[in-house]
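This note's numbering puts the first residue of the sequence shown at 11, with every later residue one more than the last.
Rather than coming from a laboratory, the hints here were simulated on the basis of the structure.
It cannot be assumed that every hint is accurate.
[As the list claims (entries may be wrong)] The calculated label-pair distances, taken between Cβ atoms and stated as ranges, are:
#, residue 1, residue 2, range
1, Y90, P130, 16 to 24 Å
2, D143, D183, 19 to 27 Å
3, D80, D183, 34 to 42 Å
4, V161, T189, 16 to 24 Å
5, V186, E73, 37 to 45 Å
6, E74, D183, 19 to 27 Å
7, L134, E165, 37 to 45 Å
8, Y151, P130, 19 to 27 Å
[What the hints assert, rightly or not] 30 Å max Cα-Cα, derived DSBU-like pairs, lysine-lysine:
#, residue 1, residue 2
9, K67, K93
10, K124, K93
11, K96, K67
12, K96, K121
13, K93, K121
14, K150, K96
15, K121, K150
16, K159, K124
17, K124, K150
18, K159, K96
19, K121, K89
20, K167, K150
21, K167, K124
22, K67, K159
23, K67, K167
24, K67, K150
25, K89, K150
26, K159, K89
27, K89, K124
28, K124, K96
29, K67, K89
30, K159, K121
31, K124, K67
Owing to the predicted nature of the structure, the values given are computational and were not obtained by experimental measurement.
The beta carbon of each residue, even a glycine, is placed where N, CA and C say it ideally should be.
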Amino acid sequence: MKKKPWIFLVILILAGVIAYFFLPEKDAPKFDPKGVVISETVFDMPYSADNYCGYDKEGRVVEEYSENHDNVAVIRRHKYDNKGNKILTVSYDEQGNVSGYITYDFLDEGKHTKMYNFSPEDVLLFADEYEYDDNWNTLKYQHYDENDKLVEYTEYKYDENGIQTGYVIYDRDGNVTETCEY
11 MKKKPWIFLV ILILAGVIAY FFLPEKDAPK FDPKGVVISE TVFDMPYSAD NYCGYDKEGR
71 VVEEYSENHD NVAVIRRHKY DNKGNKILTV SYDEQGNVSG YITYDFLDEG KHTKMYNFSP
131 EDVLLFADEY EYDDNWNTLK YQHYDENDKL VEYTEYKYDE NGIQTGYVIY DRDGNVTETC
191 EY
């Protein structure tokens, strides 16, 4: 059977047309005069989210806008302390109303140890706590309910090179509910 090289050309042209009209776009990031990214817009794959991030002069994300596949928008604004640690994230709905917020506790070295998730009415919804080893690998993750009572916790396993090899999830009473090794 004789090969038809023109078919490859047709396929290549069709692929280019499809890519031009149907694939997502990514706007080039905007930079300040010092070359620090101050904003970027990403249009993800279909059925995914459209995202926008705004940055401060230190390159930290200070505002995020995302829109899911149902066209529901969420806006998050972040505040940082003088050491550059994120201390507050406030979420807003499409109308600009506060839909919730997160506060963060930190170690002196900058790793967050606990995140508290609140409703717009300042009611604790849940909290998450983290413990680390000397190499900043997460050793333990603990999830707490609205009364700040332990719900479950996860212990992570690492090999001698610091690569995660698995985890075990326990309920509040210490009973294993899930195990994963890889």
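So, going through the hints one by one against the coordinates:
In this structure the hint that Y90 and P130 lie 16 to 24 Å apart at CB holds, the actual value being about 22 Å. At about 25 Å, the CB distance of D143 to D183 agrees with the hint of 19 to 27 Å. Taking 34 to 42 Å as the suggested C-beta distance range, the pair D80 and D183 conforms, at roughly 38 Å. V161 and T189 have their C-beta atoms about 18 Å apart, which keeps the hinted 16 to 24 Å range intact.
Separation of V186 from E73 is about 41 Å and conforms to the stated range, judged on CB atoms against 37 to 45 Å. Checking the proposed 19 to 27 Å range against E74 and D183 shows it is violated: the Cβ atoms sit about 37 Å from each other. Between L134 and E165 the C-beta distance comes to about 24 Å, which lies outside the given range of 37 to 45 Å. For the hinted restraint 19 to 27 Å between Y151 and P130, the CB-CB distance of approximately 26 Å keeps it satisfied.
With a CA separation close to 14 Å, the supplied pair K67 and K93 stays within the 30 Å bound. A distance of roughly 17 Å separates the Cα atoms of K124 and K93; the hinted pair therefore holds under the 30 Å criterion. Between K96 and K67, the direct Cα distance comes to roughly 15 Å. Compliance with the 30 Å bound is thereby established for this hinted pair. For the suggested pair K96 and K121, the alpha carbons sit about 10 Å apart, so the restraint of at most 30 Å is met.
For a cut-off of 30 Å, the pair hint linking K93 to K121 stands: about 11 Å separates their Cα positions. Proximity of K150 to K96 is assessed by CA-CA distance (about 21 Å); at most 30 Å being required, the pair is judged to hold. For the proposed pair K121 and K150, the alpha carbon gap of about 13 Å is at most 30 Å, so the pair holds. A hinted pair counts as satisfied when its Cα atoms are at most 30 Å apart, and K159 with K124 qualifies at roughly 13 Å.
Proximity of K124 to K150 is assessed by CA-CA distance (about 12 Å); at most 30 Å being required, the pair is judged to hold. Pair hint K159 plus K96 holds up; C-alpha atoms about 24 Å apart against a cutoff of 30 Å. Between K121 and K89, the direct Cα distance comes to roughly 15 Å. Compliance with the 30 Å bound is thereby established for this hinted pair. Annotation: proposed proximity of K167 to K150 holds, straight-line Cα distance about 9 Å (limit 30 Å).
With a C-alpha separation of about 20 Å, the suggested pair K167 and K124 falls inside the 30 Å cut-off, and the hint holds. Our distance criterion of 30 Å between C-alpha atoms is broken by K67 and K159, whose separation comes to about 39 Å. Straight-line distance between C-alpha atoms of K67 and K167 comes to about 37 Å, which puts the hinted pair past the 30 Å bound. Restraint check for K67 and K150: not satisfied, since their Cα atoms lie roughly 33 Å apart, outside the 30 Å limit.
Distance check on the hinted pair: K89 and K150 sit about 26 Å apart at the alpha-carbon level, within 30 Å; holds. The straight-line distance between the Cα atoms of K159 and K89 is roughly 27 Å, inside the 30 Å bound, and the hint therefore holds. Distance check on the hinted pair: K89 and K124 sit about 16 Å apart at the alpha-carbon level, within 30 Å; holds. For a cut-off of 30 Å, the pair hint linking K124 to K96 stands: about 12 Å separates their Cα positions.
Between K67 and K89 the alpha-carbon distance is near 13 Å, which keeps this suggested pair within the 30 Å criterion. Distance hint between K159 and K121 is fulfilled; the C-alpha atoms sit about 22 Å from each other, no more than 30 Å. Distance check on the hinted pair: K124 and K67 sit about 26 Å apart at the alpha-carbon level, within 30 Å; holds.
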